[in-house]
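**Q** The chain contents come next:
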Amino acid sequence: MKIILTAMSPSINSEIDPRFGRGAYLLIVDTDTLQWEAHPNPGLNASGGAGIKAAQFVSDHNARAVLSGDFGPYAFDALQAAGIAMYLYGDCPTVAQAIERFKNGQLEQVGGPTHGECDSGHYGRDA
Amino acid sequence: MIVAVASGKGGTGKTTVATSLALSLATEMNTPPLFLDCDVEAPNAHLFLHPRLDEQQDVAMLIPFVNEAKCTHCGKCAEVCQYHAIAVLGQKTLVFPQICHGCGSCTALCPEKAITEISDRMGVIEKGTAKAGISFARGVLDVGEPMAVPVIRQLKKWVTALPGQVVIRDAPPGTSCPVVETMRGSDFLLLVTEPTPFGLHDLKLAAQVGREMGIHSGVIINRQNGAYPVMEEFCSDYHLPVLLHIPFERVIAEGVAQGKTLVEIHPEYADRFLRMFTQIASLL
Numbered sequence: 000m001k002i003i004l005t006a007m008s009p010s011i012n013s014e015i016d017p018r019f020g021r022g023a024y025l026l027i028v029d030t031d032t033l034q035w036e037a038h039p040n041p042g043l044n045a046s047g048g049a050g051i052k053a054a055q056f057v058s059d060h061n062a063r064a065v066l067s068g069d070f071g072p073y074a075f076d077a078l079q080a081a082g083i084a085m086y087l088y089g090d091c092p093t094v095a096q097a098i099e100r101f102k103n104g105q106l107e108q109v110g111g112p113t114h115g116e117c118d119s120g121h122y123g124r125d126a
Numbered sequence: 000m001i002v003a004v005a006s007g008k009g010g011t012g013k014t015t016v017a018t019s020l021a022l023s024l025a026t027e028m029n030t031p032p033l034f035l036d037c038d039v040e041a042p043n044a045h046l047f048l049h050p051r052l053d054e055q056q057d058v059a060m061l062i063p064f065v066n067e068a069k070c071t072h073c074g075k076c077a078e079v080c081q082y083h084a085i086a087v088l089g090q091k092t093l094v095f096p097q098i099c100h101g102c103g104s105c106t107a108l109c110p111e112k113a114i115t116e117i118s119d120r121m122g123v124i125e126k127g128t129a130k131a132g133i134s135f136a137r138g139v140l141d142v143g144e145p146m147a148v149p150v151i152r153q154l155k156k157w158v159t160a161l162p163g164q165v166v167i168r169d170a171p172p173g174t175s176c177p178v179v180e181t182m183r184g185s186d187f188l189l190l191v192t193e194p195t196p197f198g199l200h201d202l203k204l205a206a207q208v209g210r211e212m213g214i215h216s217g218v219i220i221n222r223q224n225g226a227y228p229v230m231e232e233f234c235s236d237y238h239l240p241v242l243l244h245i246p247f248e249r250v251i252a253e254g255v256a257q258g259k260t261l262v263e264i265h266p267e268y269a270d271r272f273l274r275m276f277t278q279i280a281s282l283l
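So the sequences go chain by chain: B and V. FYI, numbering that gives the first Met the number 0 numbers position 113 of the first sequence as 112, with every residue one higher than the one before it. FYI, numbering that gives the first Met the number 0 numbers position 38 of the second sequence as 37, with every residue one higher than the one before it.
Since the hints were made in silico from the structure, they are not lab data. Please note that the accuracy of each hint is not assured.
Stated by the list, open to error - Here are the simulated BS3-like pairs of lysine-lysine, each with C-alpha atoms no more than 30 angstroms apart in a straight line: (1) V:K91 x B:K102; (2) V:K91 x V:K75; (3) V:K91 x V:K112; (4) V:K75 x B:K1; (5) B:K1 x B:K102; (6) B:K1 x V:K91.
All chains should be built: construct the whole structure from the sequences, respecting the hints.
**A** Pasting the structure below:
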């Protein structure tokens, strides 16, 4: 199964990155073969809507599930609309462990956004 | 002349200064000033100037509405959106109205003409006449709406000054986009600060914004309580004239808490504000 994870560095040996929209890298992983590829998160430098941009990437790559530490309301709405299951890392420190726990059904699946709207209140609009 | 009153740090006395300046000018000028409360996320100048707000106008933006029957989910709209306010997710196209900037790119570039525009309200502008004949207007951002700038922009556009009428804009705290929008087009920037490390830190930021925008600026030090040389040094080094000191006094705090302006608590401040205004005019 193809899944996508947020990671601190572009490697399957990376630590997890707990942020979804602002996570450093998105790793595309085949859970059966453990083949992987890393992409810089397209949402990382967005002034707003980072979670939506990242969700668009996940949807475009036809991932079945996405693993991260946190999903905001926009990311949640977008991923839910795309029919992509969301799972939380919990206390899982590394990508490798997260994949293992995901395969064993040990990660919590998300039923709603796990934090509020952008806390900075800054959307960089036109000024 | 348009004077923007800003601070960087919140709670330094922007509204205290702005309302008192307005009242001082109202008794002196042929045309009382126009007061714009640009702190649309938390407007409070009405508590001091008591306007009768008898005119209203909604602030709305045109946002995309997707006709799913026509949409082929080609992804063009999501690709052209600079704000990620529209996403194509498999067989669904999703609009996020709260972060849409209303630029119209998705509507214009949709190859299937599947997008039309609908009006989305984000706030309201209210105007009327306040104490001493002051023309008063304010923007009020709707609860839950994240973007203040369109409301401020509309406030500035809708409520225009009479010939020769002085405009006082009461800015939000901080130095982000709503503050920049309030400052934009002003002739003078009045920075209200307090002699504390936080006050100085944020004064520096606000002064930099003013300089970047090429607006003449001056400083009012509020709640002065003994000397704070580093603040005066910064102002001197940055060529910011210190136009007024307001002492730290319990009687002022009590008066403000009762909804009184500084010139109502201490009538002698009217002259000080007028002298300051003359000084500002001479700096331009």
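**Q** Now, for every hint given, state plainly whether the structure supports it.
**A** Hints versus structure:
no.	hint	in the structure
1	V:K91 x B:K102	holds (28 angstroms)
2	V:K91 x V:K75	holds (13 angstroms)
3	V:K91 x V:K112	holds (16 angstroms)
4	V:K75 x B:K1	holds (25 angstroms)
5	B:K1 x B:K102	holds (12 angstroms)
6	B:K1 x V:K91	holds (21 angstroms)
When the structure is compared with the earlier hints, no violation turns up for any of them.
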